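Fit chain E to the known structure of chain P by using the hints.
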Amino acid sequence: MLQIFHILRYKFLAFVKIQKNLSLGIITRSLGASLVYIAFAVGTYIFSHAILQYALTQTKIGLFLLHQFISMALFVFFVTVNIGNIIVSYSTLYKSGEVTYLMTKPVQPAKIFLIKFLDNFFYSSATLIMILLSAILAYAHYFKLGFFTTAAVILFDFLPFIFSAGLIGVLILLLVLRVATRIGLKPVILVLATGYFFVFFGFFRGTSPIRLVNAVLEHYPDVNQYFGNLLPLGIKLLPNNWLASSLFWIVKGNLAESARYIFYQFGFCLFFLGVTLFLGYRLYYQTWLSLPALKSRRSQNRLSDGALFAQSSIFAPRTEAILKRDLLNFLREPSQIVHFAVMIFLILIFVGSLTRVSLLGARNTQLQTLIYLTVYSFNAFLISSLALRFVYPLISLEGPTFWRLRSAPIPAHVLMNRKVLPFFVIVLIAGEFLSYFSNYHFSRTLTVVGALVIVCMSSALTSLNFGMGGAFANYSEKSPIRISSSQGATLSFLLSLIYIVFVIALLMFPIKIYFEDSAAGIAGFALFRNALIIITIVSVIITIHFYRMGLRSFRRDF
Amino acid sequence: MLQLNNVSKNFGSFTAVDHINLVVPKGELFGFLGPNGAGKTTTIKMIVGLYSLTSGTISLNGHDVAANPLEAKAQIGYIPDQPFLYDKLTGREFLYFSGGLYGLPKSRLHNRIAEIVELLKIGDWLDQRTEEYSQGMRQRITIASAFLHEPGLIVIDEPMVGLDPQTAHIVKQFLRLQAARGTTIFMSTHSLNVAEEICSRVSIINRGRIIFDDKIAALELLKSQKNHNFEQLFIELTAD
Chain P
1 MLQIFHILRY
11 KFLAFVKIQK
21 NLSLGIITRS
31 LGASLVYIAF
41 AVGTYIFSHA
51 ILQYALTQTK
61 IGLFLLHQFI
71 SMALFVFFVT
81 VNIGNIIVSY
91 STLYKSGEVT
101 YLMTKPVQPA
111 KIFLIKFLDN
121 FFYSSATLIM
131 ILLSAILAYA
141 HYFKLGFFTT
151 AAVILFDFLP
161 FIFSAGLIGV
171 LILLLVLRVA
181 TRIGLKPVIL
191 VLATGYFFVF
201 FGFFRGTSPI
211 RLVNAVLEHY
221 PDVNQYFGNL
231 LPLGIKLLPN
241 NWLASSLFWI
251 VKGNLAESAR
261 YIFYQFGFCL
271 FFLGVTLFLG
281 YRLYYQTWLS
291 LPALKSRRSQ
301 NRLSDGALFA
311 QSSIFAPRTE
321 AILKRDLLNF
331 LREPSQIVHF
341 AVMIFLILIF
351 VGSLTRVSLL
361 GARNTQLQTL
371 IYLTVYSFNA
381 FLISSLALRF
391 VYPLISLEGP
401 TFWRLRSAPI
411 PAHVLMNRKV
421 LPFFVIVLIA
431 GEFLSYFSNY
441 HFSRTLTVVG
451 ALVIVCMSSA
461 LTSLNFGMGG
471 AFANYSEKSP
481 IRISSSQGAT
491 LSFLLSLIYI
501 VFVIALLMFP
511 IKIYFEDSAA
521 GIAGFALFRN
531 ALIIITIVSV
541 IITIHFYRMG
551 LRSFRRDF
Chain E
1 MLQLNNVSKN
11 FGSFTAVDHI
21 NLVVPKGELF
31 GFLGPNGAGK
41 TTTIKMIVGL
51 YSLTSGTISL
61 NGHDVAANPL
71 EAKAQIGYIP
81 DQPFLYDKLT
91 GREFLYFSGG
101 LYGLPKSRLH
111 NRIAEIVELL
121 KIGDWLDQRT
131 EEYSQGMRQR
141 ITIASAFLHE
151 PGLIVIDEPM
161 VGLDPQTAHI
171 VKQFLRLQAA
181 RGTTIFMSTH
191 SLNVAEEICS
201 RVSIINRGRI
211 IFDDKIAALE
221 LLKSQKNHNF
231 EQLFIELTAD
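Protein chains in written order, with the numbering used here: chain P, 1 to 558; chain E, 1 to 240.
Chain P extracted, bound-state conformation (with noise of 0.2 Å):
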């Protein structure tokens, strides 16, 4: 225990200090982070705040179906956490030089696993953990919740919660790799993705929003009671489920049952601990060693790629040497892959679960209005993403070989160019493919605007994750993962939030009004002109702002 303190002080320390050359570039650079971290903790709680609002008084969902959306966003979350932290955990526990470093002291492997795992969980979930939090207080704030009973819920309900979730990656991680080195990694990624697949979509087929929006308002407008015989007995026993029941139960001033769900979670967690620091004990040492065996084993599967490079090629000769790199780059590090696939996976399944989305709230075009939006913003959540994990990493990962480029005769827009253009096609492709399997269940009209507004969020959010990659570019690090959740990358993500919800602000109140006017057939494009116009300049100059950053790292001192 001695040792696990000795490093975990000598880790803090190092993590605490401050950048001993203060230029007035970093103050302002750091106070500039500080103050988008406060603005938008402060944005989340208000939000929040809003939207219980208006959940409550104008849309009348009544407490239970409010908690059961509450339910359902907390499973979205608890799965972006569990497969967050199944890659970075990958990155931090194995690929990392401190741990080959302490695998060479006389460390326990089992304290290495405890100490990166901690240090994985709050790297990969702090920002996650942050808007929760915000949320939370939002919540607490709305239903008046003491200041015992809001901490008591972050305490022993919230951050058990997003423990287990963590854990129950890093976990997943462990047996990945202990069957891989039997059977080779590509059989275990798919069936892995296979079952996540499953759990996704058997959530949401047993959850079944509509039927549950149809049968709770048959009771309107008494629809504050618990309405528990709907929801399947497997809902009923999933963390997210016991974490909005706990707060559903202290908002009826019924402690006794809501502390029956809090022990749920925390006795949950405490299993999963268990079962982590078990397994971490008698796999990790095991798992880290097969590393070498594993990458060889794939490195001979792919000796047949070499000739890409010797193929002839439409492209001009710069354009092909770049693509071709970044190309094999990307093929070959599987994190990126494996990365990839999630979210295209994630896309994918979203897209399916968007199967009737207009039905809900028909009649209600208060209701409409919340679930269009709400659909919309996790349509820019996911490419914004996408961005932030391929894009903002681009320059970073340049790395010591970036004076190959450097010192190449390649003007600097050429080469960005050559970098940026793959991935913004992609995003691009991506946010098409969302929006119009979010809008064409409405109308024409909404396509067309979705699809117009995917143009300069794909445009914006590249543009600026492109340029924050440059201007807290990290050319020591290796691993995308730790370049794309890095303080940067945070503070990159933070200003995309605020980008879209800028851009979902503007859509607000032509969308209400469209649906509105949609009830009485009178509803047209017209309403929608001036916010595209203003979202179609915002995004200009956020392109062009951010593109110039990009640039100007390239030409700084390397």
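Just to be clear, a hint being listed does not mean it is correct.
Listed next, the in silico DSSO-like pairs over lysine-lysine satisfying Cα-Cα at most 30 Å (straight line) [what the hints assert, rightly or not]:
{"#": "1", "chain 1": "P", "residue 1": "Lys478", "chain 2": "P", "residue 2": "Lys111"}
{"#": "2", "chain 1": "E", "residue 1": "Lys26", "chain 2": "P", "residue 2": "Lys11"}
{"#": "3", "chain 1": "P", "residue 1": "Lys478", "chain 2": "E", "residue 2": "Lys88"}
{"#": "4", "chain 1": "P", "residue 1": "Lys186", "chain 2": "P", "residue 2": "Lys295"}
{"#": "5", "chain 1": "P", "residue 1": "Lys11", "chain 2": "E", "residue 2": "Lys106"}
{"#": "6", "chain 1": "P", "residue 1": "Lys95", "chain 2": "E", "residue 2": "Lys121"}
{"#": "7", "chain 1": "E", "residue 1": "Lys215", "chain 2": "P", "residue 2": "Lys111"}
{"#": "8", "chain 1": "E", "residue 1": "Lys215", "chain 2": "P", "residue 2": "Lys11"}
{"#": "9", "chain 1": "E", "residue 1": "Lys226", "chain 2": "E", "residue 2": "Lys215"}
{"#": "10", "chain 1": "E", "residue 1": "Lys88", "chain 2": "P", "residue 2": "Lys111"}
{"#": "11", "chain 1": "P", "residue 1": "Lys95", "chain 2": "P", "residue 2": "Lys11"}
{"#": "12", "chain 1": "P", "residue 1": "Lys478", "chain 2": "P", "residue 2": "Lys60"}
{"#": "13", "chain 1": "E", "residue 1": "Lys26", "chain 2": "E", "residue 2": "Lys121"}
Short, incomplete list of chain P residues facing chain E, as computed with Cβ under 7 Å [as the list claims (entries may be wrong)]:
{"#": "14", "residue": "Phe5"}
{"#": "15", "residue": "Ala14"}
{"#": "16", "residue": "Phe78"}
{"#": "17", "residue": "Thr80"}
{"#": "18", "residue": "Lys95"}
{"#": "19", "residue": "Gly97"}
{"#": "20", "residue": "Met103"}
{"#": "21", "residue": "Thr104"}
{"#": "22", "residue": "Ala138"}
{"#": "23", "residue": "Ala140"}
{"#": "24", "residue": "His141"}
{"#": "25", "residue": "Leu289"}
Simulated from the structure, these hints should not be mistaken for laboratory data.
Bear in mind the structure is a predicted one, so any value in this text is a computation, not a measurement.
Glycine residues also receive a C-beta, built at the ideal position from the N, C-alpha and C atoms.
Frame of chain P; chain E shown alone:
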């Protein structure tokens, strides 16, 4: 004493190290040479516990490295070719951190740091953050941290990478002194001059197999018999 018995390492169907046997007695400054990809770093990583063994055993003073990894690691100081340092810690803080991992009491650590700092001449910049260090400075701090707990065996992968002539001289003197004090030094290097200058015995590994293993005097004899310099001899021995 370090002993490698029939040690092999396979990566899939590729054999990186092929049934090698080596005994390095206490106090020997042992040079482990070979061309790129010969198996030097793989062997070193097996000794320090970063790679598992496909077959064979490695023991250090009677401790099996695979069966008792912690006991073995407590007696090893490892200096990798690309050292890891915490960027925000100063060199001194890093030394305290490293010493703490071996459970050294503070008083002993103070003395050891003072002694090694003097020998390696790193006092001038010891209290700067390691993020400000040059490659040579990083290398010297790593060497210092490896010797702190007075290990029985030092394993070095390419000790002279990035060192200027003065620093290389300091490091060579330091290694000689430690070997004279009884520390076993297992050193992998590409630099034939360094091996010839400071090692008491060398082994040459090629394609995973040991092709030469003898005292440096035997190597000198072979050189004169063939009328070759060390470089020509090395090329001849490791030719396909």
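Task: Structure versus earlier hints - violations, ascending order - done: 2, 6, 7, 8, 12, 14, 16, 17, 18, 22, 23 and 24
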